[in-house]
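Take a look at the letters that make up each chain.
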Amino acid sequence: MTDVLAVTDHRRGELRDVSYELITAGRSLADETGGDLHLAVISGTVDDFADKLNREGVDAIHTVPYGEEFNHDVYTQAITQLYDELAPQYVLTPNSVNGLDYAPAVANALDLPVVTDTIGLETDGETLIATREMYGSKVETTNELENNAVVTIRSAEWPAAEGTGDATIDAFDADIDEAAIGSTVSGFEEVGGGDVDISEAELLVSIGRGIEEEENLDLIRDLADALGATLSSSRPIVDNGWLPKNRQVGQSGKVVTPDVYIAIGISGAVQHVAGMKGSDTIVAINTDPNAPIMDIADYAIHDDLFDVVPALIDEFQ
Amino acid sequence: MKILVTVKEVATVEDEFEIDGTEIADQYLGADLNEWDDYAIEEAVQLQEAGIADEVVTVTIGPEDCEQTIRQALAKGADRAVRVWDDSLEGVDLLDVNAKTEILSAVVEEEEPDLVLSGVQAGDDSFAATGVSVAENVGFQWGAVVNHLEHDFSGDTVSVRRELEGGVEELNEIELPAVLTIQTGINEPRYASLRGIRQAQRKELDVQNLADLGVDESAIDADLELTDMYEPESESDVTVWEGGPDDTAAELGELLRDKGVAQ
Numbered sequence: 001m002t003d004v005l006a007v008t009d010h011r012r013g014e015l016r017d018v019s020y021e022l023i024t025a026g027r028s029l030a031d032e033t034g035g036d037l038h039l040a041v042i043s044g045t046v047d048d049f050a051d052k053l054n055r056e057g058v059d060a061i062h063t064v065p066y067g068e069e070f071n072h073d074v075y076t077q078a079i080t081q082l083y084d085e086l087a088p089q090y091v092l093t094p095n096s097v098n099g100l101d102y103a104p105a106v107a108n109a110l111d112l113p114v115v116t117d118t119i120g121l122e123t124d125g126e127t128l129i130a131t132r133e134m135y136g137s138k139v140e141t142t143n144e145l146e147n148n149a150v151v152t153i154r155s156a157e158w159p160a161a162e163g164t165g166d167a168t169i170d171a172f173d174a175d176i177d178e179a180a181i182g183s184t185v186s187g188f189e190e191v192g193g194g195d196v197d198i199s200e201a202e203l204l205v206s207i208g209r210g211i212e213e214e215e216n217l218d219l220i221r222d223l224a225d226a227l228g229a230t231l232s233s234s235r236p237i238v239d240n241g242w243l244p245k246n247r248q249v250g251q252s253g254k255v256v257t258p259d260v261y262i263a264i265g266i267s268g269a270v271q272h273v274a275g276m277k278g279s280d281t282i283v284a285i286n287t288d289p290n291a292p293i294m295d296i297a298d299y300a301i302h303d304d305l306f307d308v309v310p311a312l313i314d315e316f317q
Numbered sequence: 001m002k003i004l005v006t007v008k009e010v011a012t013v014e015d016e017f018e019i020d021g022t023e024i025a026d027q028y029l030g031a032d033l034n035e036w037d038d039y040a041i042e043e044a045v046q047l048q049e050a051g052i053a054d055e056v057v058t059v060t061i062g063p064e065d066c067e068q069t070i071r072q073a074l075a076k077g078a079d080r081a082v083r084v085w086d087d088s089l090e091g092v093d094l095l096d097v098n099a100k101t102e103i104l105s106a107v108v109e110e111e112e113p114d115l116v117l118s119g120v121q122a123g124d125d126s127f128a129a130t131g132v133s134v135a136e137n138v139g140f141q142w143g144a145v146v147n148h149l150e151h152d153f154s155g156d157t158v159s160v161r162r163e164l165e166g167g168v169e170e171l172n173e174i175e176l177p178a179v180l181t182i183q184t185g186i187n188e189p190r191y192a193s194l195r196g197i198r199q200a201q202r203k204e205l206d207v208q209n210l211a212d213l214g215v216d217e218s219a220i221d222a223d224l225e226l227t228d229m230y231e232p233e234s235e236s237d238v239t240v241w242e243g244g245p246d247d248t249a250a251e252l253g254e255l256l257r258d259k260g261v262a263q
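Note that the protein sequences, when read in sequence, are chains F and H.
Just so it is clear: in the first sequence, position 270 is 270 by this note's numbering, and no numbers are missing.
Just so it is clear: in the second sequence, position 151 is 151 by this note's numbering, and no numbers are missing.
Just so you know, these hints were derived from the structure itself, not from any lab.
Since the model is a prediction, treat every value here as computed from it, not as a measurement.
Incorrect hints may appear among the rest.
[As the list claims (entries may be wrong)] Cross-link-like lysine-lysine pairs, in silico, BS3-like; alpha carbons within 27 Å at most:
1) K203/H <-> K254/F
2) K203/H <-> K277/F
3) K245/F <-> K52/F
[To be verified] Taking CB as the label site, the calculated pair distances span:
4) Q199/H <-> N216/F: 25 to 35 Å
5) I129/F <-> V168/H: 32 to 42 Å
6) Q201/H <-> D195/F: 24 to 34 Å
[Said to hold, decoys possible] Away from chain H, derived, C-beta distances all over 12 Å, residues of chain F:
7) G34
8) Y66
9) E162
We put the CB at the ideal spot given by N, CA and C, even for glycine.
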């Protein structure tokens, strides 16, 4: 029997979407051999979270009412104790920033292998076949392992579970060793307010690594001016300090939903796509016809941005 | 304070490539310093310049070929380097997190650093798990995805920011000794100066094998077996505009006017 323990994610009083996706991923793994799906809900308003998570396919929800917000020591201790109690085959967690802050520690503490950022999972009850990407999404790989494991799942790869469930909900009496807690969260801060809210824009001209040099940004600014568009970017441009954080589209930046998103010299890393895939129409300008951005673009120009952008500026001047 | 920085030479892949079994064929591969580790090196060197760190040591798991890449870290200011390699690592398709944890933990225990800085992930295998796994293994504290580190250390804790999703940062106090996994953008990595490159040639680069570190060969038996590698199937139904720049720009211009988002 393939029992699965899935650890849900929440922040500042809200469950995160990936929590419902974990139910789908965990249910499908457990279904392969008729196992049970257990959820762990740790810290925060656990009873309220448990009610919301009680969706179709969940067998049991274990709440650990300890602390308000995420703390990796509390999570690591609670999950290892739940693992000892429930003896699941797989521990499933989000491949979120917080998931990556405890899943490897849980795996090491339990002497289990860890497989991160999976986008597909299958099991026959003995062997786990995990699909994941390498080399910045250029290749997909399948990976097999025979043992129990800790597995993190990429967000938005599984649909969110729906329906109402009839799971048992119980408080798990975790024995949290406070002396072992070595980090303290002192607060949260929203970053990158700034001059412009790119999430409000109807037309975004967004630039990525393809711009090569900071001075070339002037060309993109000219385009944004000519089109009356708002300028945004992928992560490397902000990392380089060429644009402020409030212009960054992606998982760690802003989620945008413009009418038209023009992705210029952006390869389309999964973290970027997470922030802009809800755009109504996506246009990609990129010399590489195999760039991942092409998978979600509606229109594409496979050409050098330094040739196309000036021509487009001419169109509108 | 002593800082240990984990450094990896990663494989880079050309836009067009072919797969040979469970690897990308050699002729399509390049090699580079892992982008995330470059930021970790810079952070350590800045701590040294701020008078916080007395010594910055790098550690790498890799064959002799990668020494050129390791020397980049020395050229940027690291004091010395440790490279771990062993005949038993030759031909391993994918060194999994547990194997890396065992090897790096042995180096941490030998070096006894106060702080370990590690890139959030490696650009090739993208596990993003080794730093936290090592921390748990050696009994250090840790913080994953750190995008700001205060340089005025007081006492036995460090103040960091962790970059969460959606433009939110978490402020966190972490006890030392600790492993921090460093996110890109935390600083601006320097280029190695010519003087630095010359000096790097004279810096110590210590090579150790598993026996030197007291790591049993069985520790690198991967639980995870890479069984297939392939190009992802494109789900694209993209309309590609053909022609020269004037033609394609005209097509895009028409689309923008049709949508009413540009005049």
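Results for each hint:
Simply put, K203/H and K254/F have alpha-carbon atoms about 44 Å apart, too far for the 27 Å limit, and the pair is violated. Distance check on the hinted pair: K203/H and K277/F sit about 48 Å apart at the alpha-carbon level, beyond 27 Å; violated. Distance check on the hinted pair: K245/F and K52/F sit about 33 Å apart at the alpha-carbon level, beyond 27 Å; violated. Taking the beta carbon of each, Q199/H and N216/F are about 34 Å apart, inside 25 to 35 Å as hinted.
Checked against the hint of 32 to 42 Å, the pair I129/F and V168/H passes, with Cβ atoms roughly 34 Å apart. Between Q201/H and D195/F the beta carbon distance is about 47 Å. The supplied range of 24 to 34 Å is therefore violated. With a closest Cβ-Cβ approach of about 25 Å to chain H, G34/F is found to remain outside the 12 Å limit, as its non-interface label requires. With a least CB separation of 18 Å from chain H, Y66/F remains clear of the 12 Å interface cut-off, as annotated.
No beta-carbon of chain H comes within 12 Å of the beta-carbon of E162/F; the shortest separation is about 23 Å.
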